[in-house]
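Chains A and B are the protein sequences, given in the same order.
Okay, so the first sequence: first residue is 4 according to my numbering, each after it adds one.
Okay, so the second sequence: first residue is 4 according to my numbering, each after it adds one.
It cannot be assumed that every hint is accurate.
[To be verified] Sample of chain A residues lacking proximity to chain B, with all beta carbon distances greater than 12 Å (derived):
#1 Ser44
#2 Arg78
#3 Cys79
#4 Arg200
#5 Arg232
#6 Trp319
[Claimed, not checked] EDC-like mimics (lysine to aspartate or glutamate), calculated; alpha carbons at most 20 Å apart, straight line:
#7 Lys48/A <-> Glu18/A
#8 Lys184/A <-> Asp194/A
#9 Lys12/B <-> Glu126/B
#10 Lys184/A <-> Glu45/B
#11 Lys184/B <-> Glu177/A
#12 Lys184/B <-> Glu174/A
#13 Lys12/A <-> Glu177/B
#14 Lys12/B <-> Asp56/B
#15 Lys5/A <-> Asp194/B
#16 Lys12/A <-> Asp150/A
#17 Lys184/B <-> Glu128/A
[Stated by the list, open to error] Over 12 Å on every C-beta distance to chain B, these chain A residues come out as not near it, computed from the model:
#18 Pro99
#19 Ile180
#20 Glu305
These are calculated hints, taken from the structure and not from any lab test.
Please read all numbers here as calculations on a predicted model, not as lab measurements.
Glycine is no exception: its CB is placed at the ideal position from the N, C-alpha and C atoms.
2 protein chains.
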Amino acid sequence: MKTVQEAAKQISDAERILIVCHVSPDGDAIGSMLGLGLTLSEAQKRVILCCADPVPSQYRYLPHWETIARSCSERCDLLVTLDCSDLDRLGAVYDPSTLHDVPIVNIDHHTTNVEFGDVNWVEPEAAATAQMLVRLVHGLGISLNADIATCLLTGILTDTLGFRTSATTPEVMETAIQLMKAGASLPELTDRIFGRRPMRTIEMWATTLQNLHLEGHILWTEITQRMRRRIGYQENGDAGLANFLSTANEADIAIIFDEQQDGQVNVSMRCVPGYDVSQVAFDLGGGGHAQAAGCTLSGPLEGARTRVLSMLQKSWSMQNSSR
Amino acid sequence: MKTVQEAAKQISDAERILIVCHVSPDGDAIGSMLGLGLTLSEAQKRVILCCADPVPSQYRYLPHWETIARSCSERCDLLVTLDCSDLDRLGAVYDPSTLHDVPIVNIDHHTTNVEFGDVNWVEPEAAATAQMLVRLVHGLGISLNADIATCLLTGILTDTLGFRTSATTPEVMETAIQLMKAGASLPELTDRIFGRRPMRTIEMWATTLQNLHLEGHILWTEITQRMRRRIGYQENGDAGLANFLSTANEADIAIIFDEQQDGQVNVSMRCVPGYDVSQVAFDLGGGGHAQAAGCTLSGPLEGARTRVLSMLQKSWSMQNSSR
Chain A
4 MKTVQEAAKQ ISDAERILIV CHVSPDGDAI GSMLGLGLTL SEAQKRVILC
54 CADPVPSQYR YLPHWETIAR SCSERCDLLV TLDCSDLDRL GAVYDPSTLH
104 DVPIVNIDHH TTNVEFGDVN WVEPEAAATA QMLVRLVHGL GISLNADIAT
154 CLLTGILTDT LGFRTSATTP EVMETAIQLM KAGASLPELT DRIFGRRPMR
204 TIEMWATTLQ NLHLEGHILW TEITQRMRRR IGYQENGDAG LANFLSTANE
254 ADIAIIFDEQ QDGQVNVSMR CVPGYDVSQV AFDLGGGGHA QAAGCTLSGP
304 LEGARTRVLS MLQKSWSMQN SSR
Chain B
4 MKTVQEAAKQ ISDAERILIV CHVSPDGDAI GSMLGLGLTL SEAQKRVILC
54 CADPVPSQYR YLPHWETIAR SCSERCDLLV TLDCSDLDRL GAVYDPSTLH
104 DVPIVNIDHH TTNVEFGDVN WVEPEAAATA QMLVRLVHGL GISLNADIAT
154 CLLTGILTDT LGFRTSATTP EVMETAIQLM KAGASLPELT DRIFGRRPMR
204 TIEMWATTLQ NLHLEGHILW TEITQRMRRR IGYQENGDAG LANFLSTANE
254 ADIAIIFDEQ QDGQVNVSMR CVPGYDVSQV AFDLGGGGHA QAAGCTLSGP
304 LEGARTRVLS MLQKSWSMQN SSR
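The task is simple: from the sequences and hints, build the whole structure.
Below, the structure written as structure tokens:
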């Protein structure tokens, strides 16, 4: 419990606080950033929220999402990083020339966190960074309100896939009840996060599901630029598809290779409990959790695919032989 | 609260209790039946569990599922029906010649329940029949154990789609925590219910998703016997597919027409909050909830489809004009 107090103390002592989350932000990144931002505004701090990538349209229901900037030139006396396993995950937002002497409070739940902060509050067993922040809000003496609760419940729902991951303990459920009682609507948020997708995304599912490959215990598929052009699909990949593939009884690991316009390949990995894909993701410059991780590789698609599949086959065999 | 006490009293006064759930049982039907059965065994009752259809393989992890019989010739002095909106839903298990003078305790949460029992404890706002039963277990003075909790949490998870329906209140979450603390494993159950499907089912998704029809605000697809033969898919339809279709932004209603071997057509209907498909399902001899309902029609497929689509188009227009 020492680090939540240390984090609360550093934050209480600061006046102008820059909060940053990781590139390609998900619901835990954006929800945590807005939830903490609103909390610190209540505590009369000057708060700057910043993310190198835009807020995905899916999360633009969150209160004050439009206050999140893409870069920051303002002077600040504390940098709080949320849900980031290393400084690279901040992307272009982290400019060492202006930020090198600003102390960092690193709040994260990734098992791959490299503890780059001055205060490192890292709890790999936490279900979400937002789950940790509920304790920080209490530690700062601020009352949860409906807006803060909506942001933080979004983070928990995103990272637990709606209370479905093995990190979902009774404590996580109790935190969710707290947030619901503070005004967050669970059914509304669930519907926003998991319950809606454009027909085009469903067409993308149809196309990729026609093109599944089961190699040993690894099930994979890909989204190519050619496919995207053919069905007119230009969104970011749908995390739901990777989760869906990992439900196949015959597979221990599921992967989606998603070719980007610039030729880079986003790789989403999932595995069933008992296996771990985070180490391979980390070795490839990415990160994540045991059951869900990812990385971005340079193209072409075939090369990236061969590399990832070979590393995952090896990792699967090793994990399997040590069981 | 009166009816939970009435139900508890009738059950306490009985000695030989027949518990029956509906045909084509789902996780709430099977979980509720086993959960109440185990509770009454703890209360030293003679309990007979009966369902006209076999326990789906998906739920064969539930403790003592193999004690569920397909028919019952034993004399009993009380019939408890679970999760059944009318007597027809008991199927061949309900034989009026032997059961006509046996009092019925009807425990259900379907809005379409016709109150056919001597005691009718019907709570349409309850998230699941299993959710109601947790209160009955307490009312009977029995302590929750891990087996009872596993059965009842299965019921709640199935019917709330894993805490995703609008019926998921803080009370439902609190009940889930109770059951987790009594020994039910949320991640394990979630994985059993939502996290696993055979590759063949994924191939069935791929095939049906290639064949989507959006008519007005209704998105539909079908599983024909020809498709089934082609991909070697013989399981019951996957409820996840209907739920998935209903995530399409462009649709208010999603339907799957699933042609059975005997030519009958199982119809699964889903709709977004604000619409109600239960009335159409009820009018067609089925039942369910506002957002998820179903019925079984005689074939051929085309006729059943035309009939359902026309009724749902009308119902959609009426609901839309009264908004």
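Status of the hints after comparison with the structure:
No Cβ of chain B approaches the Cβ of serine 44/A within 12 Å, the least distance being about 27 Å, so the stated non-interface status holds. Residue placement check: arginine 78/A keeps its beta carbon more than 12 Å from all beta carbons of chain B (closest about 43 Å). With 12 Å as the threshold on Cβ separation, the claim that cysteine 79/A sits away from chain B holds: the shortest Cβ distance comes to roughly 38 Å. Here arginine 200/A does not stay apart from chain B, with its beta-carbon only about 5 Å from theirs, under the 12 Å limit.
Remark: the non-interface label on arginine 232/A is consistent with the geometry, its nearest Cβ contact in chain B lying 19 Å away (cut-off 12 Å). With a least CB separation of 18 Å from chain B, tryptophan 319/A remains clear of the 12 Å interface cut-off, as annotated. A C-alpha spacing of about 6 Å is found between lysine 48/A and glutamate 18/A, which places the hinted pair at or below 20 Å, so the restraint holds. Simply put, lysine 184/A and aspartate 194/A have alpha-carbon atoms about 18 Å apart, close enough for the 20 Å limit, and the pair holds.
Annotation: proposed proximity of lysine 12/B to glutamate 126/B holds, straight-line Cα distance about 18 Å (limit 20 Å). For the suggested pair lysine 184/A and glutamate 45/B, the alpha carbons sit about 35 Å apart, so the restraint of at most 20 Å is broken. Under the criterion of a C-alpha separation no larger than 20 Å, the hint pairing lysine 184/B with glutamate 177/A is consistent with the structure, at around 12 Å. Between lysine 184/B and glutamate 174/A the CA atoms are separated by roughly 11 Å; this keeps the pair inside 20 Å, and the hint holds.
Distance check on the hinted pair: lysine 12/A and glutamate 177/B sit about 33 Å apart at the alpha-carbon level, beyond 20 Å; violated. Distance restraint check for lysine 12/B and aspartate 56/B: the Cα-Cα separation of roughly 29 Å exceeds the 20 Å cut-off, and the hinted pair is therefore not satisfied. Proposed proximity of lysine 5/A and aspartate 194/B is contradicted: the alpha carbons are some 34 Å apart, above 20 Å. With a CA separation close to 24 Å, the supplied pair lysine 12/A and aspartate 150/A exceeds the 20 Å bound.
As the CA atoms of lysine 184/B and glutamate 128/A are separated by approximately 19 Å, the hinted pair is consistent with the 20 Å bound. Annotated as non-interface, proline 99/A keeps its C-beta farther than 12 Å from every C-beta of chain B; the closest such distance is 41 Å. Against the 12 Å criterion, isoleucine 180/A falls within the reach of chain B, whose nearest CB is about 5 Å from its own CB. Every Cβ of chain B is farther than 12 Å from the Cβ of glutamate 305/A; the closest lies at roughly 23 Å, confirming the non-interface assignment.
The structure does not agree with the numbered hints 4, 10, 13, 14, 15, 16 and 19 stated previously, though it agrees with the rest.
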